[in-house]
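Enquirer: Starting from the known structure of chain A, arrange chain B on it as the hints suggest.
Each protein sequence line maps, in turn, to chains A and B.
To convert, take the position in the first sequence, counting from 1, and add 2; that gives the numbering used here.
To convert, take the position in the second sequence, counting from 1, and add 2; that gives the numbering used here.
Hints listed in this document are in silico derivations from the structure and should not be mistaken for laboratory results.
Since no wrong hints were added, every one of them can be taken at face value.
Interface residues of chain B toward chain A, partial, derived using beta-carbon atoms under 10 Å:
(1) S558
(2) E673
(3) G687
We treat Cβ as the ideally placed atom computed from N, Cα and C, and that holds for glycine.
2 protein chains.
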Amino acid sequence: MEHVKQKGVPQNQYTMCWLDYKRCEDEEYLKKVIPFISNIFILDNNYYFRNAALELKEAIKNIFGVEPNIQTTSYLDFHHGTLIGKLGNEVIEKFLEKEEKEQIGNEGFLIKVVATKTQNIILLVAKTESGIIYGTFELINRLRVKSNLSSLYIIENPKAPLRVINHWDNMDGSIERGYAGSSIFFSNNRVKRSLKRVRDYARLLASIGINGVVINNVNVRGKAIWLITPKYLPELSEIAETFRLYGIKLYISINFASPIYIGGLSTADPLDPDVFKWWQETVKTIYSYIPDFGGFLVKADSEFNPGPYVYGRSHADGANMLARTLLPYGGVVIWRAFVYNCLQDWRDTKTDRAKAAYENFKPLDGEFLDNVVLQIKYGPMDFQVREPVSPLFGGMEKTNQMIELQITQEYTGQQIHLCYLGTLWKEILEFDTYCKGKGSYIKRIVDGSLFGWKYCGFAGVSNIGSSINWTGHDLAQANLWTFGKLAWNPDRSVEDIAKEWILLTFGDDKKVVENILWMLLNSHRIYEKYTTPLGLGWMVNPGHHYGPNPEGYEYSKWGTYHRADTKAIGVDRTSKGTGYTLQYHPHWQKIFDDIEKCPENLLLFFHRVPYTYRLKSGKTLIQFMYDSHFEGAEEVDVLIQKWEELRGKIDEDIFNRVSERLKMQKEHAIEWRDVINTYFYRKTGIPDEKGRLIYP
Amino acid sequence: MEHVKQKGVPQNQYTMCWLDYKRCEDEEYLKKVIPFISNIFILDNNYYFRNAALELKEAIKNIFGVEPNIQTTSYLDFHHGTLIGKLGNEVIEKFLEKEEKEQIGNEGFLIKVVATKTQNIILLVAKTESGIIYGTFELINRLRVKSNLSSLYIIENPKAPLRVINHWDNMDGSIERGYAGSSIFFSNNRVKRSLKRVRDYARLLASIGINGVVINNVNVRGKAIWLITPKYLPELSEIAETFRLYGIKLYISINFASPIYIGGLSTADPLDPDVFKWWQETVKTIYSYIPDFGGFLVKADSEFNPGPYVYGRSHADGANMLARTLLPYGGVVIWRAFVYNCLQDWRDTKTDRAKAAYENFKPLDGEFLDNVVLQIKYGPMDFQVREPVSPLFGGMEKTNQMIELQITQEYTGQQIHLCYLGTLWKEILEFDTYCKGKGSYIKRIVDGSLFGWKYCGFAGVSNIGSSINWTGHDLAQANLWTFGKLAWNPDRSVEDIAKEWILLTFGDDKKVVENILWMLLNSHRIYEKYTTPLGLGWMVNPGHHYGPNPEGYEYSKWGTYHRADTKAIGVDRTSKGTGYTLQYHPHWQKIFDDIEKCPENLLLFFHRVPYTYRLKSGKTLIQFMYDSHFEGAEEVDVLIQKWEELRGKIDEDIFNRVSERLKMQKEHAIEWRDVINTYFYRKTGIPDEKGRLIYP
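The shape of chain A in the complex, shown without the other chains (with noise of 0.2 Å):
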C-alpha cells in the first residue's frame, strides 16, 4: 500500500491529513501493545477482509515499526494478535456475550481486548464489511492516541443511516464553491484515470464514518448530464469499486430533463409513461456496471434547473417516478428542498425566500415514496454565516429528511479565513423543534430516531479538492472530520470531535492541542463578528462570495436583501411581517416574533430593527455593530497569537501554510471591519461612541 507517508515528509504531493501517522516515540506503549499487534488474523478471506487488514497492518508498520503477519484463519490457533471477524463467525461468537452480539447494528462494530496470562487478543467484529472497515480506522487511531488496551472497549453503530459527502465537481475539473483546487475526479470533461487519489480519499471519508458520495454538482449541465450513460459508466464503475472498499456508495447528480437531452424524448414529465421508461432502463443500465449505486441527488426547479413544475407536476410526482425505478435495486433518490424564486424583483416586499422551501413542500408531506429523501440545507436562505434554522425540519412527518450542511466555506472565509464549522453544526443540531413536544432535537429528526424513518440523514458538500493539503487551509480539514463525526453521532461533543482530530493530526504536545482547540471552537465567532453578526448575512459581494459588499445583494433578483435605510435594518419575517415565523412550531413563533425575546444572534433575521434599538446589553443596535467589527477584527490577532506559539510543534511546511493564511485573515477581516463600519456610519451618520477610526 503505496499511500502511507512517513513522520509529515509529503508523498505524492499530497498529504494525509489526520491519516498522516507518524512513529510513537513511546517504548513502554510499544510494548505493551505488540502481543496484541503482531498478528492479524482475518476470518473471512474476501477482498474487504484484506484490504482492512492491510490497513491495519500498514498502520502498525508505521507508528510501531513493526511488520505484522496477515493469516486466514478459520479456528482459533493462536494467542496473541488481533482478530477480525463477522458476526455469526463461530471462532468469533465464543468471546461475545449476547447482548453484545444485540448491540452491533449493520454499520456497527465491536472492539474488544482479551488481555488474560495467557491471551492478547484484540477482537474486531462487526456485522458487515463496512462495520470491519470503520473499526479498523477506530482501532488504529486508538493505537495512535495510545488508549490503554487493557480497558479497551468499544462498540460503535452509526446513529443516521445516510452519511454522504456531495460534490460540487463539474467535468471540465472545476469546483463550484471549492477552494481547494480542482476536482479530484473529473478534468478536461473526462474523468480522470488515476484512481490513487480516490483511494486515499475514500480511506479519509472511511475512517469518519461517511457511507455515500455523490460524485457530481448538483446543477448538472454538458457532459455531466451523460454520467449516467454507458459513455461514462465504465469508468465510474471503478470509482465505484474503490469506494466499494471502504464502505461507501456511489450517487449520481442528474438532470431532471435528461429523458430529452439524453433519451431524444420531446418531454421530461414525470408522469409520462415513456419519460418513466426512459428512467427505468438507465437505471438498469447503471446497476449493471454498478450494483450498489446509491441512487440520484436531484437539484429540480430551482436555479435554472429544470423540474417537475415545467410540466405542472409537484415535486413529488418528480421524486416518485424516479423512486420507483431505484426501488427495485435499494436505491434512493435524494431530492433538495432548496427550491425558491430566483427572479424576485426587489421591490415586491411581500415574497420572502426564507419562506420558500416549505412553501413547496409541505403541502407534499405524506405523499413521497419511502425510498425518497428530501435534503434541506440547515437554515431557509443558502449557508449564510447564520441562520435560523429550517422549519421544514419536523415540518414533515411523514417524509425522510436530510440535512444538508455546507463543509466548504463558501459564505465563510473560503478557507482562505479560519472558521470552524463544528460549534454552528452542533446548535444546529441541537436546536430543538418541538415539533413532537420537548426534546423533537433536529438529530433525532435526521438521525430518523424521531419519526422511525429508514432513510435519512447528513450530507455535506465537500471541501476537497487537489490542492495539497485537501482543504486550502490546514486547519479546514476539521470540519470534513467534524461533518464525518458529527454524521456518526450528532450526540458527541465537538470540543471531543476537534480535540480528537487535534491528536490525530497533530500530535498530543499540551500546548498544541489546547491553542489548536481554542482557534477551532472561536473562529467562528470571530468571523462572525467581522462580517455579518446579528443573523444580517448576504453583504458579500455577488457571484464569487467573497468579501464585504454592503449592497452587493440589495437590488438583485436573488431574493435577499436587509433594505437597510437611515433608520433601520432587516426585513420583518414575524407573523406582523412576512409571516416566515409562522412555519415554526408555536414555541418557537412567539419567541422568534417577540423583539425581546427573539434570539439576539438573529435578531436582524427576524426583525426590521432601527439602529437605536437598544440590544440587552444595553447598547444601541448600531454602536453593537461597531464594537462587533472592532472586536472581530482584533481578536484575528489571537489566532495568529495561539498559532504562532506553536512555531517548531508543527510541521514546518504546515504552519507556514496556516501562518500565510491567518495574515490574510487578519488583513481581510480589517477589510470587513473598515467597508462594513463604513457602510454604517455613511447611512446613520451616527458616530462610534468610542471614537476608534471609521472611515468616513
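Expert: Here is chain B on its own, set in the frame of chain A:
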C-alpha cells in the same frame, strides 16, 4: 462581387448596414444619371482600381438596374461615363485647375462633373489608391441620395491622419466588452479561415474613411501574444491584404513582456540590448509578411499588463524602444495612456484615479520619438456616460496624441439601450482646452493642426461582431458610422452626419428621417437622465458593467468612488480637494473649481455636493435626482412611440429587432430609475416633493 444585397433581403446571414443598396425608384433621376454611369473608365489597370470600379459597378447595378462596362483606358476616347484616375495622369489633369490639384491631399479625393452638350463625365481623382476607394464610396452614396449631378463637386481630405478601430477581440472568439456576437477574426484560438466577412467589414470601414484596424484586444494574453510570430503571420497577412484593398492598415496589440513569453529572454527591460534586438527581429519578420503593417498598440503597466515600470523604466523608454524598431518601415507605436493604480485602497482619499494619466505622462512630454502616439481616453476615468475631457489633451504639446472613444457601449447600455454617442463625442471634440489660447479645441489637437503633429487622430473601440446586423442593436450602427465620419471631419455637425446615415440606411421617407434623427440625437441625453446624471458615473454592476448597482464599486480597488453618505455625495476634485482641476488650463480650473460655475452635467464629478444644494433651476440636488430618473425613464416611451410610428416604413426584421430592444430598454430604464431613486431615498430619508412612487 457576391457581397451586394438585394432590397434588404439578408444574404449570407448579415445585413450590410448603410451599404445595403436599394433600388432607386425615381425614373427621372435614373434618366439623368444613366449617361454618366453606363461606363466606368479606369486609368490604372491595377488591383486597387479594378476593385474600386467593381464596387461602383455593383452599386450601380443594384441601385439603377443597369450594368456599366469597366474599361481600362489611357486616353480620352469617350464622351460619357465615370473616369477614375490618379493625379499626375494627363487625361485627368486636363480637367483640373491648378488649385484643385493642390487641394487634394494624400488620402483625399475630388469628385467633379463635366456636363456639356457633348460630354457627361464624372471625374473621380485622388493622389493615392486610398483616396480612390474613399471617393468611390462617396460617389456611390451621393448617387444613392440622388445628388444633383449638375452641381456635384466635392473635394474631401481627412482631417486626422490616423483613424483607427481598436478591436478588443480575443483569440477564443470572445470580445471584451463586445455586445454583438463573437469575433469576425478569431475563434477557438485560431484565425478564422473565411475572409468573406472581413472583406465586407473592410468595405464598411472604407466607406467611412477608416484607415487602420487593431485586430486584437489590448489585453494580450495566451495565444494572442504569439500573433506577432510566424505562427499566425501568414494568416494575418491575408487579412492585411483584404484590408489593404480598402485603404486600411493592420495593427497588432502586443504584450510588452513578449521577449520573455516568446523570446525566452529573462527580461523585457526596454533598455536591455537583447530585448531591443529581439523586437527588431520580430518587427523585421512582421514586415516580411505585411509590408504596410501599421504598428503596435500597447497597453503597458495598466490593469495587470506588464510594462516598463516593472524594470524601473519610463513609458518613454518603453515606447521609444519599440518605435525605433518600427521606424525604418514607417510603423508607429500607439501607446495607451490608461495607466492608473488599479489596486487602490478605498480608504485612501488622497489618491484620485482621475489624476493618474496626467501624472504618469505629463512629465514625459518631449521625450517620445516622432513615431510614438499617445492614445488617451476621452475622459480621465473610463468611458462613463459623462466625464470631463482629459486634461492630457493639450497638456502635452510635444507628444503626438490620439483620442480614444468607445464605440462599443460598455457603460452606455451595451447595445440593448439606444444610446447614440455622436452628440457626446461632438461635445468632447468641441471642448476648448485653451492650451494655446482660445480656440484650442480637442478636434484641433487630435487632428494635428494645433501643434503640427504628423501622427495623431482617432481610435474607436469597435462595437461590431458576428451578429446579423454587426452591432446587436441596429441603430448602434450609427455609432460606428459617426465615429468614422467625425474622425474624417470633426467639424461636421452630428445632425448632418446622423441624417446622412439614416438616409443611406433607411431611405428618405420624411417621417423615418425625422423620427430616427430625434431618437438618435436625444438618446444619450435620455440614457444619462435615468442612469447617472451630473457626472456621477460608476453606479453599475461590477464586472459586466450592465445595470444599476449604486455601491457596486464603492469599496473596490478600482479607484471609483462617490462616497455618498446621509448628507452629501461626490468627490471634491477641486484645487482644495484632490487637486485634479489643477491639471487643466487656468481658464477651466477656475470654472471647474467653482461649484456655481462648474457645468452642471459634471457637478458631481468635480464636487462633493450636499443633497440639499440648490441647482441653477432652484431644485435641490436630491429632487433633481428623483426628477431626472422619473423623467428619463418616461422619455423612453417617446423613443418607443417614435419608432412605433415607423411600423411598415422600415424593413420588418430590423423594425422588430429594434422594437424588442426598445422594450428591454424600457424595462431596464425602470430598473435604473427605481434602484437609484430608492438608493437615494434610503440614504437621505428625503421624500420626493412630487409624491411619486419611490420604493422604500
